[in-house]
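Enquirer: Using the hints provided, position chain S with the ligands relative to the given structure of chain W.
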Amino acid sequence: MKYQSQKVAYWYFLTAMAVFAVQGLGGRWAGCSYIAPNFWADVVPFNIVRMLHTNSLIVWLLLGFFGAAYFLVPEESEREIHSPMLAYIQLGILVLGTAGVVVTYLFDLFPGHWLLGKEGREFIEQPVWVKLGIVVASLIFLFNITMTVLKGRKTAITNVLLLGLWGLVLLFLFSFYNPTNLVLDKMFWWYIVHLWVEGTWELVMASILAFLLLKLTGVDREIVEKWLYVIVATALFSGILGTGHHYYWIGLPSYWQWVGSIFSALEVVPFFAMMSFSFVMVWMGRRDHPNKAALLWALGAATVAFFGAGVWGFLHTLHGVNYYTHGTQITAAHGHLAFFGAYVSVNLAIITYAMPILRGRDPYNQVMNMVSFWLMTGGMAFMTFVLTFAGTIQTHMQRVLGENFMEIQESMHLFYIMRWGAGLAVVVGAILFIYAQLVIHDKPKSASSEG
Amino acid sequence: MREVMTKTMARNVFYGGSLFFILVFLAMSFHSVGYVVNKSTASAEITEEVALGKHVWEKHACINCHTIMGEGAYFAPELQNVMSRWGVSDDPEGAFDAMQGWMEAQPSGIEGRRQMPQFNLSDEEIRGLSEFFLWVGKVDTQGWPPNDAG
Ligand code: HEM
Ligand code: HEM
Ligand SMILES: [Fe+2]
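Chains W and S are the protein sequences, given in the same order.
Quick note: the first sequence uses my numbering, first residue 1, plus one each step.
Quick note: the second sequence uses my numbering, first residue 1, plus one each step.
Chain W extracted, bound-state conformation:
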């Protein structure tokens, strides 16, 4: 660890991994509701479990991003974090908010209350008081990181990272705007959801990847940074108007069908570029970095993101196709592989890279970590395949033949069982990953660890 204040990242990563565990268990639980629908249905209904699953996903990914920023910005800016104290306060607020969310959902506290009750729009169900907490924490974060960057060396990596983080926080403000007109509600809801995962988060992902490749391969910074700009340019040029692929059937003008189809099809480009760029950098690089697991996760992220977001996204993004697949298990298949490939994997990559450094060790538990990579990636890939089959059946029977939603579920049951099995592999992989990060059996390399 070059800078003492990087240690902040350690606590962010630990918290992120804890919430990751909750998310995995939540997912498996939701998977159970599909194959044993009466099981616990009246104790905690499916919608509550699903909210826990998706919200904890987003929270831990953001915690990971914050941790990544606190880890890499000091190295890039060549100075300590402006205020480690603020960073810990920020973490405290986020943990408190997360606990508040879990309790509010599980016990259905204050239903309908404007400040304390859950809000009930997908992914942004958090009660208003938690949303406010998130905004306060985010502002603390942006202040802290921006001050650090401004006072130090400015690089393309911190530039792009900061743009992404500022953008995602500003977009979150739309979560306070909930018009009574459902169409307008949906239109601006996508400002958050789509412009996060297919805009600002891509900037964060690309800059983390660039940082990792710089460290792991030893390629010239000039080359990495130039390509970083090229990649994020293609991301925003396609992704912003690509929002149109959610505007086909929700009461918006028909021109979105063409704008959305064309620009979202181009969204494949940045994901393809990230994948190609990563492999080319590894081939060009001469450094033989000992942290092989971090390299595996970084390459895995770029590759699986290309398949999950790029290929599975393209699969249903043209409006002629989307007319039939919209809101089926096809969407669930894509959502899982895209989120896993892009944002879960890039987080696990930076965690894998940073943890040994933060703990003052040589890379440890590499084999276990790599096994966890294959378990998780294999599990998610299998889950995506079976959901795609289920979605194909659903699309045909429900959308083409017009058979009733509930009646056709029977014919998809086998795939739901396989999803459940795939989920088991993912969760085992996740537990193995967390274990590999936390537990070290050998002695530290120096007499006492660095702090």
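Some hints here could point you the wrong way.
Said to hold, decoys possible - Listed next, the in silico DSS-like pairs over lysine-lysine satisfying Cα-Cα at most 30 Å (straight line): (1) S:Lys-7 / S:Lys-59; (2) W:Lys-131 / W:Lys-292; (3) W:Lys-131 / W:Lys-215; (4) S:Lys-7 / W:Lys-154; (5) S:Lys-59 / S:Lys-39; (6) W:Lys-151 / W:Lys-2; (7) S:Lys-7 / W:Lys-2; (8) W:Lys-215 / S:Lys-138; (9) W:Lys-131 / S:Lys-59; (10) W:Lys-292 / W:Lys-7; (11) W:Lys-2 / W:Lys-131; (12) W:Lys-215 / W:Lys-7; (13) W:Lys-7 / W:Lys-154; (14) W:Lys-151 / S:Lys-39; (15) W:Lys-151 / W:Lys-292.
Hints in this document: simulated from the structure, not taken from any laboratory.
Expert: Relative to the frame of chain W, chain S with the ligands by itself:
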């Protein structure tokens, strides 16, 4: 490659181009809002009942089991067109009765069938929901869903 494009050029293209696309997107969004207000949702008024219905819909996080206009969760039926599926699109009283009947009958308790919880809604809230779904059913969604199954 270094000769073809420098880092500074790449950066400027990124900033300039992004700004351009943001402006285009904002202009299109602006136009779309006008279209929503004056065209696609103009045929039905958003009454207090519709607004209450939307609030009930959010209060109980129905979206995390159901889709509406194809967005949400994939555990339970699409509801944008539930009123036409039930054949009560043009009959507010029939819609209310059907909604009340449905809500009272949950959970079905049928073994091996997915369950919808009992929400203990008041008549006012049920009226809100039926009016909300009648309103949603009148939005011009470019011909989606393909059929009554939703
Ligand atoms: C890492 C990037 C991405 C992530 C994390 C992601 C995630 C998701 C998620 C979670 C949904 C479901 C939203 C909901 O609940 O309604 C979704 C929908 C969708 N995504 Fe992506 N996505 C990504 C990239 C892409 C790309 C690049 C494309 C196109 C090439 C794409 C095309 C779509 C389409 C068309 C839908 C709507 C599906 C429907 O009609 O039901 N996505 N995405
Ligand atoms: C790291 C891994 C995972 C990620 C990134 C992830 C992500 C997501 C996302 C983004 C959604 C919302 C989907 C959408 O709207 O399209 C979702 C829903 C869901 N997930 Fe996961 N998930 C993961 C692991 C799991 C596991 C292990 C299972 C269990 C088998 C699971 C089961 C489910 C179920 C049943 C839903 C609800 C789908 C529906 O609405 O019907 N997930 N997950
Ligand atoms: Fe999208």
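Enquirer: Each hint needs a verdict: does it hold in this structure or not?
Expert: For each hint, the structure was consulted:
no. : hint                  : verdict
1   : S:Lys-7 / S:Lys-59    : violated, 50 Å
2   : W:Lys-131 / W:Lys-292 : violated, 39 Å
3   : W:Lys-131 / W:Lys-215 : violated, 36 Å
4   : S:Lys-7 / W:Lys-154   : holds, 14 Å
5   : S:Lys-59 / S:Lys-39   : holds, 28 Å
6   : W:Lys-151 / W:Lys-2   : holds, 17 Å
7   : S:Lys-7 / W:Lys-2     : holds, 27 Å
8   : W:Lys-215 / S:Lys-138 : violated, 56 Å
9   : W:Lys-131 / S:Lys-59  : holds, 16 Å
10  : W:Lys-292 / W:Lys-7   : holds, 22 Å
11  : W:Lys-2 / W:Lys-131   : violated, 35 Å
12  : W:Lys-215 / W:Lys-7   : holds, 18 Å
13  : W:Lys-7 / W:Lys-154   : holds, 21 Å
14  : W:Lys-151 / S:Lys-39  : violated, 52 Å
15  : W:Lys-151 / W:Lys-292 : violated, 33 Å
Comparing the model with each earlier hint shows violations of hints 1, 2, 3, 8, 11, 14 and 15; every other hint is respected.
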